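J.: The hints should help you fit chain B onto chain A, whose structure is shown.
Chains A and B are the protein sequences, given in the same order. Reading the first sequence from the start, the letters are residues 1 to 271 in my numbering. Reading the second sequence from the start, the letters are residues 1001 to 1271 in my numbering.
Hints are computed from structural coordinates only; laboratory data are not their basis. A couple of the hints might just be wrong.
[Stated by the list, open to error] SDA-like cross-link-like pairs, simulated, lysine to any residue; straight-line CA separation at most 20 Å:
(1) B:1111 / A:181
(2) A:76 / B:1136
(3) A:111 / B:1136
(4) B:1076 / A:134
(5) A:105 / A:168
(6) B:1076 / A:111
(7) B:1105 / B:1189
(8) A:76 / B:1134
(9) A:105 / A:45
(10) B:1076 / A:121
(11) A:76 / B:1111
(12) B:1076 / A:135
(13) B:1076 / A:119
(14) B:1076 / A:120
(15) B:1111 / A:125
(16) A:111 / B:1001
(17) A:76 / B:1120
(18) B:1076 / B:1095
(19) B:1076 / A:123
(20) B:1076 / A:105
(21) A:76 / B:1133
(22) A:76 / B:1121
(23) A:76 / B:1119
Quick caveat, the model's predicted, so the values are computed rather than measured.
Protein chains: 2
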Amino acid sequence: MRTTWRLVIEYDGRAFSGFQRQAGPRTVQETLEEALSRFFGGERIIVHGSGRTDAGVHALGQVISFRAETPREAHKVRLAMNTMLPRDLSCIEAAVAPEYFHARKSARGKKYRYVVLARADRSPFHVGRAWYIRHPVDWARVEETLALLRGTHDFAGFRSSGCENPRTVRSIERAEHLVRGDEHHLEFEGGGFLRYQVRIMSGTAIDVGLGRLRIEDVREALETGKRAKAGRTAPPDGLYLVEVRYPEAAMRLEADGDAAGPSEEEPDDED
Amino acid sequence: MRTTWRLVIEYDGRAFSGFQRQAGPRTVQETLEEALSRFFGGERIIVHGSGRTDAGVHALGQVISFRAETPREAHKVRLAMNTMLPRDLSCIEAAVAPEYFHARKSARGKKYRYVVLARADRSPFHVGRAWYIRHPVDWARVEETLALLRGTHDFAGFRSSGCENPRTVRSIERAEHLVRGDEHHLEFEGGGFLRYQVRIMSGTAIDVGLGRLRIEDVREALETGKRAKAGRTAPPDGLYLVEVRYPEAAMRLEADGDAAGPSEEEPDDED
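Extracted from the complex, chain A is given alone in its bound form (with noise of 0.2 Å):
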C-alpha cells in the first residue's frame, strides 16, 4: 500500500542550481530525495515539485508531492525533515494527501513574487535576494504596465527562447505593486506561467518605469508576440515562488477523484 504525501517547502534559492535534478550540480529535487529516502527505511523516492524553479530563484511555498510505501506517521515528517534538510531548505507542512494527487499536474494556479530593491546604495541584506536597482524607477508608470499585462493574453513574447510549448495563451488574474520599505513588490497570480514568464513581466514593468522602454513597445510585444520588444529577464535573485493552488478536493484526504484529479492541460513550469 503506497501512501501519496504533500509538503509544502521553502528554500532559499542562491546556492541550489535550481529545483530539477541533474547529474552534478545541488539541486532542490535531489536534496529532498536524499533526505526522504533516509526517512523512509531507504525506499527510493521520486519527487515531483508544483514546477522547476531556475537557479537562483527561491520559494516560500513551493509545492512537491511524492509516493512511499514504508508507513510513517504525519505529523513526524515534517520534523525529521528539519532535522535532515540543509539549513537553506526547510518543510513548513507535510500531510498525507489523496492518492491521485501530483503536485504538478494537480495545480490551478500559482502565486510568484518579484522583489526589486530601490535606493541609493546597494544593500549587504539583500545579496542574491531581490534585483537591486539604483536609477529612479517611475513607479506609476510600473503600474501602468502590470495593468496592461493583467488578463488574458498570448505571452509568447515573454517566454525564455528556449520555451517550445505551442500554447502561449495565459491568464495574469493579478499583477500589483506593493511598497515595503526599500523593497518593492511585483505580485503574479494566475492560472499558469510560461518559462521565464514572470521575470520577463518584472523586467519588462522595470524596464518602462525606468524609462528604457515604451509602453507602447509592451502593447506591441503582446500583440505580436515578439520577445524583442518586451524588456529585460529580470534576474532569479528577486523571485519567489509564494503559493501553488490546488482544488480544495485534492487537499482533503477523502477526495472525490473525478472532481479533483490530474489536469487535462498541465500548467507550464515557471521558472
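T.: Then chain B, alone, in the frame of chain A:
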C-alpha cells in the same frame, strides 16, 4: 590639512569576526581601512567605530570616523566605497565632519534591534539573521520584562563576565516589543550599553516568555547584580545596531567645539 570624515555603514555580520581589527580573521574595521586607504591615495587610515560589534552581529547604521590628508569630494566617497567594498558591507552616507568628531567619543546614544523568529519551523531566509525560537513564547511576559528593564538601573548582572568597567549604571530610554509577521523585534534605545547587555536583556526577556525564568529573577538580577539571576545571552545572529545618536552640533561642519566635543564619559562598547 587633515579632514575628519563620518561614514554610516551597513553590514551583514555573518562573515565577519566582529568589528574590531585582530590578527588573522576578517573584520569590519580592517575591510574598511583597506578600501579607504586605497581610495585615499594609499594613505594609512585608522577607522574608529561608534562601538565594537561582536562576531555575527549586524549593523544597519554603524557610524565610523577617520581622518585623511588626501582631498576627496564628499559625494564620491560613498560611491567609491560601494564599488570597492565586498557585498556584505556597504556605505549609506559619507560626509565631512567637524574636526573633533569621533564616532565613539562623540556618540550620545544607540538604538539596537534584537530579532527573534518565532514559528513552528526554522526558516531558510533567517539563517544567521535571527534567533529562532521553536517553543511558544508568552509575549505579554516578554513585554513585562522589558518594562522592568526600562529606566536607570545598575546593569552589573547584564554584562559579559569579561567586562570590567567599574561603571555599570545605564539608562534604557526605550525597550519595546514589535511584531513584524513571524519576526518579533525587541528594540532598545539608551545612552550606552555594557558588553553583551542587549543580548542578555533579550535572552532574559525571552527566557521569561518561555517560562524558563520568573520575572522575580529579573528583578533580583537588577537589584543584586548577579549575572546568574538573569537569562541566557541571546546569540549574535539576531542583533542589529540600528542607529547611533550624536549631538546635532557634531553633525554640522561648522560646529561649536565646546558644546559638542568628545564626551568625558566614554560610553562602553556593546557587542
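J.: Each hint needs a verdict: does it hold in this structure or not?
T.: Hints, one by one, checked against the model:
For the suggested pair residue 1111 of chain B and residue 181 of chain A, the alpha carbons sit about 19 Å apart, so the restraint of at most 20 Å is met. For the suggested pair residue 76 of chain A and residue 1136 of chain B, the alpha carbons sit about 19 Å apart, so the restraint of at most 20 Å is met. A hinted pair counts as satisfied when its Cα atoms are at most 20 Å apart, and residue 111 of chain A with residue 1136 of chain B does not qualify at roughly 30 Å. Among the hinted pairs, residue 1076 of chain B with residue 134 of chain A is consistent with the structure: their alpha-carbon atoms are about 15 Å apart, no more than 20 Å.
Taking the CA atoms of residue 105 of chain A and residue 168 of chain A, the gap is near 18 Å; set against the 20 Å cutoff, the hint holds. Only pairs whose Cα atoms come within 20 Å are accepted, and residue 1076 of chain B paired with residue 111 of chain A is rejected, the gap being roughly 41 Å. For the given pair, residue 1105 of chain B sits about 18 Å from residue 1189 of chain B by alpha-carbon distance, which is consistent with the 20 Å threshold. Pair hint residue 76 of chain A plus residue 1134 of chain B holds up; C-alpha atoms about 15 Å apart against a cutoff of 20 Å.
A hinted pair counts as satisfied when its Cα atoms are at most 20 Å apart, and residue 105 of chain A with residue 45 of chain A qualifies at roughly 18 Å. Between residue 1076 of chain B and residue 121 of chain A, the direct Cα distance comes to roughly 13 Å. Compliance with the 20 Å bound is thereby established for this hinted pair. The straight-line distance between the Cα atoms of residue 76 of chain A and residue 1111 of chain B is roughly 41 Å, outside the 20 Å bound, and the hint therefore fails. With a CA separation close to 17 Å, the supplied pair residue 1076 of chain B and residue 135 of chain A stays within the 20 Å bound.
Pair hint residue 1076 of chain B plus residue 119 of chain A holds up; C-alpha atoms about 17 Å apart against a cutoff of 20 Å. Of the supplied pair hints, the one linking residue 1076 of chain B and residue 120 of chain A holds, its CA atoms being roughly 13 Å apart against a limit of 20 Å. At roughly 19 Å between alpha-carbon atoms, residue 1111 of chain B and residue 125 of chain A fall within 20 Å of each other, so this suggested pair holds. Under the criterion of a C-alpha separation no larger than 20 Å, the hint pairing residue 111 of chain A with residue 1001 of chain B is inconsistent with the structure, at around 59 Å.
Our distance criterion of 20 Å between C-alpha atoms is met by residue 76 of chain A and residue 1120 of chain B, whose separation comes to about 13 Å. About 10 Å separates the Cα atoms of residue 1076 of chain B and residue 1095 of chain B, which keeps this hinted pair within 20 Å; it holds. For the proposed pair residue 1076 of chain B and residue 123 of chain A, the alpha carbon gap of about 18 Å is at most 20 Å, so the pair holds. Between residue 1076 of chain B and residue 105 of chain A the CA atoms are separated by roughly 54 Å; this puts the pair beyond 20 Å, and the hint is violated.
For the suggested pair residue 76 of chain A and residue 1133 of chain B, the alpha carbons sit about 19 Å apart, so the restraint of at most 20 Å is met. This hinted pair checks out: residue 76 of chain A and residue 1121 of chain B have alpha carbons roughly 13 Å apart, not beyond 20 Å. About 17 Å separates the Cα atoms of residue 76 of chain A and residue 1119 of chain B, which keeps this hinted pair within 20 Å; it holds.
In this structure, the earlier hints numbered 3, 6, 11, 16, 20 are contradicted, and the remaining ones agree with it.
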